[in-house]
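Participant: Line by line, the protein sequences are chains A and B.
Using UniProt numbering, the letters of the first sequence map in sequence onto residues 1 to 717.
Using UniProt numbering, the letters of the second sequence map in sequence onto residues 1 to 717.
Treat the hints with care, since some could be wrong.
As the list makes no split between identical chains, a pair holds if one copy fits it or if it spans any two.
Under the rule of at most 30 Å between Cα atoms (straight-line distance), these lysine-lysine pairs were calculated in the DSSO-like manner [to be verified]: (1) Lys69 / Lys575; (2) Lys439 / Lys590; (3) Lys573 / Lys280; (4) Lys507 / Lys486.
To be clear, the hints were calculated from the coordinates, so they are not data collected in a lab.
Number of protein chains: 2
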Amino acid sequence: MVQQSNVDVIIIGAGPAGLMAATWMAHCGIKARIIDKRNTKIFCGQADGLQCRSLEIFDSFGFADRVWKESNHMIEICMWNPDADGIIRRSDRIPDTIVGLCRFQQVVLHQGRIETIFLDNIKKYSRDTIKIERGVLPESLVIDESKVDDDEAYPVTVTLRMLTEEESAPPQVMSASKVPDGLFRSNLQGDFDEEARMIAASRARCGESEVVHAKYVIGCDGARSWTRRALGLELIGDATDFVWGVMDIIPITDFPDIRMRCAIHSADNGSLMIIPRENKIVRFYTQLKEVRPDASGRADRSKITPEFIFKAAQKILAPYKVDYAYCDWWTAYQIGQRVGNQFDVHNRVFLAGDAVHTHSPKAGLGMNVSVQDTFNLGWKVALVAKGICKRAILGTYQSERRRVAKDLIEFDHKFSRLFSGRPAKDMMDAEGINMDEFKDTFVKGNLFASGLSVDYGTSILVVKPGDAALQGDGTEKSARLALTAKKISEDEFAKKQALATGLPVGKRFNSFKVLLQADGRPWHLQERLKADGRFRVVLFAGNIRAPEQKARVDKFCAKLDAPDSFIRRITPKDKPIDSVVEVLTIHSAKRTETEVLRDFPEVLHPFDEHVGWDYDKIFVDDVSYHEGFGDAYKNYGVDKERGCVVAVRPDQYVSWLGELEDFEDLQDYFEGCLKMPAVSSAAKVTEKVSGLVESVASKVNGDIKTAVRPVSNVKDR
Amino acid sequence: MVQQSNVDVIIIGAGPAGLMAATWMAHCGIKARIIDKRNTKIFCGQADGLQCRSLEIFDSFGFADRVWKESNHMIEICMWNPDADGIIRRSDRIPDTIVGLCRFQQVVLHQGRIETIFLDNIKKYSRDTIKIERGVLPESLVIDESKVDDDEAYPVTVTLRMLTEEESAPPQVMSASKVPDGLFRSNLQGDFDEEARMIAASRARCGESEVVHAKYVIGCDGARSWTRRALGLELIGDATDFVWGVMDIIPITDFPDIRMRCAIHSADNGSLMIIPRENKIVRFYTQLKEVRPDASGRADRSKITPEFIFKAAQKILAPYKVDYAYCDWWTAYQIGQRVGNQFDVHNRVFLAGDAVHTHSPKAGLGMNVSVQDTFNLGWKVALVAKGICKRAILGTYQSERRRVAKDLIEFDHKFSRLFSGRPAKDMMDAEGINMDEFKDTFVKGNLFASGLSVDYGTSILVVKPGDAALQGDGTEKSARLALTAKKISEDEFAKKQALATGLPVGKRFNSFKVLLQADGRPWHLQERLKADGRFRVVLFAGNIRAPEQKARVDKFCAKLDAPDSFIRRITPKDKPIDSVVEVLTIHSAKRTETEVLRDFPEVLHPFDEHVGWDYDKIFVDDVSYHEGFGDAYKNYGVDKERGCVVAVRPDQYVSWLGELEDFEDLQDYFEGCLKMPAVSSAAKVTEKVSGLVESVASKVNGDIKTAVRPVSNVKDR
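Model the full assembly from the supplied sequences, consistent with the hints where possible.
Facilitator: What follows is the structure in structure tokens.
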């Protein structure tokens, strides 16, 4: 008999996108498996740029610090263009990351290290229960359509086969060449995956098979995605005529900007992008003008060797000299721009990363957009699998991420043309590229490239006005989101958004420093928006020392603390009150004149019989001793006296904004996306809670020892 | 036959001081062993405060980031004193770490985590060759005095015995109590170590024995040091009448400053120090006024229990209520202040940490001074064992560290009296303690407590004027240092010190941000002063774009690059030029107008045939895009046009200061402390180098490919 088992989530492919999905499962405590047909992880080459938003995301899981420490930080971009004599000259310097945008800046670190850091994090948070199963090939995928709407069902059946050592070794490892040859994964190469699969299939059942029934499947298996083909879905788009070679070398050169990121247009020899990396390595993206696609649109790869690529680079860099003694990796590719027509089937099987979008690698966006796909998807799948969120939220994955993929392709199209084109000789040279236009596109592209301009449209998860289809990916699917979305008029929304002009609804929650009230320690607020699967309500409590404002806060908190509030109803009875939705408070009174227990309702610093009050949830916007002043209210555009309330998704995107009086509207938002228990079960909670309120009152007034130890009903919260 | 072996260094005791010594051996590639009689590391309790300097030191080994991330940061100290009615009130708030002093602030993390982080670092840098050997007891230590002056000899013979599981388990582990009882290591407890030793000795040779011959032995085996007794040395000093209890609990309380560091004097019930820690734990240091030493000077420990200590704390904190459900650890101690009379024997066996100084733990200094002892000693032993430094430098260990230990005892004496005393009721209450005096001592003590006020005296390693004995520990031994020290008059020194007023000779090299010239990335300069056993010359090159200044830099570099310079002579022929002394450059011209290859002599960015020029050694004092302006020249007090030259010890202490014209004086300094090869062997180097100079010239002018690859004599550098 073939082994059979059930699992909540299967992730196919253990590259960065798959690992990000697995990281969510680990942090949310989901039963998940992640398989990969390769028997080893990446050791060199491949993607390596990490934009600001990716670092913020890594930080939300707790591992940005390792990447930040090991990576090369890219600070400045130098533009080199031909002068009147056709000699390349430095024409401009611009900061690589827009100043003031983010607490991180763009860095580079090779994919192998990033994967290792992901694996350590997954191991730690899953307590070693989620392990990458390598050398495992999916053979079939069947969806039982009769069960796709049943929350308890496992409607997807995947058959897996364990490969032998030999079957799962990519050619890279088998190669005898000293310089690792990346061409086997280039789009100029034949389809190794398919070859391996055919070889494997021909060996009659030499490996073991297994049948797995899953609630959800996430396909992160790259540009030639098996999952995508199993679903019968396609990538739509074209290849361009531009062919580029990539080399990771330690250059020996008199070119002065070799440790800067450089965009070099030569007069006639093509373009070169220089990306300095860790351990003295520099990546050269070199345009191969002499390689042209044939009538079939496919470039001839026979003459592409490291020597060939490097000669092209030397020509572009002349009159500067360049050589190398060490090459870490090389490859070549033909720029193609394609996006998937559909990102999921029945909200049960999802595609992410290269499986649904391919483009040129030079802007350093590929890995970033891929990990951000599954950062968007992972918590949604996890919270639906846990029964906390409604299944309807899964529809937002395609509308949010296919929109980003389309924007990316559009950006890449423009950028590739400008970068691969020959510089105009003068104003009359219409075929040439205007270098001012190139710089302008580059500078504008920097915001897009940071990942911070992403703005999710209206849906069940994001309360803003407008057309769901237009704000999403334009499909029927994203239009349908309007049906479940909470409605708000343009006028009404404008009033709400004015409460926190620095926190646009749909964008990620920006980070400024605030101090923990209880100990005065500065924190970047984002450090407290951990990716642990919790929604958050951020209460800008304003000037809590002003009696009028204090009354507003008390009123808001009384509703929050009431037995029928969303937070009490959604929290499982055996769990602490902050398990599903965490409330964080930032006030604007003087720190030294404020006290946690005296000035704030208990729901903002919940009590636990074993560890007392929670001192980690109340912050103040005040000056620190050692790290300056974050000026958070000003930077978030929030009124220092009156404050406001913000709901934040588990992935840090701002989803709802309102006044302290808008509690019912906030409640509506959570009713919309969370699977609330019926009111009848909430009634039971009421009894317990009213008992509790008395015991809490006795804690401060009475003898704490007596009050605290025997109160067994505190647990019921 | 008993097993015999040779080893460069044996470290006895694997607490923080011993682990620091082992860390140096790992980073310097020394063959070393570290033994501990316990069979396990610390899991809870014990020392936990880490001052600024300790964090700088951890950073120099590359692990401050882990401690910084896991620890609790102490930001503010609140002073609580009795008011006119005898009720405690908050009387003051002061920053816990003096503002602007250091890029780190004081933090707390329990010793077990710190030891784990040390172990990871030792494993990584020694490539797993230095492992803690647990359950190993030293049985005898013999010094062969006829060999102590022979650099190649192994004059110290130590006999080791492997304990059984049972012998090496401390009572803590054997105890059935749920609350770990720290009293077994308290000075109020009987001598467990001695008991265990006796038990072990009585079991006729049940474990294996081993004889090890060592060049050096470092005894870090605590207050009851076996090594110290084996050497016949003593701790000198007294116990006080003050008895204190320590508890690590998660308090449940309405006291508002429970997450602040607090110094609380009650009117009549004694004093309490509150130290908030990681994971919601808070340490209470509670004065036990009811426990008094008997006629023998020893306190009665029979009634000291957690309940007894906590009752005392509750009385002090009244009218605030406090209770706890969780206690992590507790202990009690009688304040004793003692310092060793001698820190080494024949510069072959050294004592460090608690083995040579004991004092009260409340100022959080114990572990810091201990790890700083071996941070001072480790590189000296390592570089002497490697044949790089002269044996004479070992004499500076006692003069430098015994001086610090004496200062510490003096500080602790004053602080303990003021903190353990009863607050004065009014001006006439002569027996009471004046609270203003207490605050004043506390504030002043903060600089001492940071570890940054340490100022090493004149010696072979530090070029400054004055009396070596007075600046050292006052002994004959420190007076003898004057014999080897380089002489400088007060007047002459004043002129030199004026070149860099922010870098006092004898103190640690302060840290400000500078940018790497090659890529514009900001670095705290200290991040580039890694603890890898290298001396450094920091060249403040001034305005390198001014022709006059450029000529001065060129002249200095020509001497540095000459075949008879200290740096060429001390570097082993098969090693890169920066192996023993690394030269770092900071210039003050505009970054964007400066280029590494064009503007700086090659000795400042040495060439390597495999990886090209070194872009990691030249920095600029300029504005960064994202991290402000370090203003390093101003902060170091160095003239922006003319610069200066600074020599820095491997432990980051400033050891010599001079003009760019003072090359010969700088050379003298290194001749004094380094074991330079005779000039004859340097002559050989000359030939190689003159050949090299030509090949270097050809690199830039000629075809790099041809010039670089075949130049085999580049290796000879």
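Participant: Each hint should be assessed against the structure and marked as holding or not.
Facilitator: Against the structure, the hints:
no., hint, result
1, Lys69 / Lys575, "between (37 Å within a copy, 27 Å between copies)"
2, Lys439 / Lys590, "between (46 Å within a copy, 24 Å between copies)"
3, Lys573 / Lys280, "between (55 Å within a copy, 24 Å between copies)"
4, Lys507 / Lys486, "within (17 Å within a copy, 64 Å between copies)"
Of the numbered hints given earlier, the model fails none.
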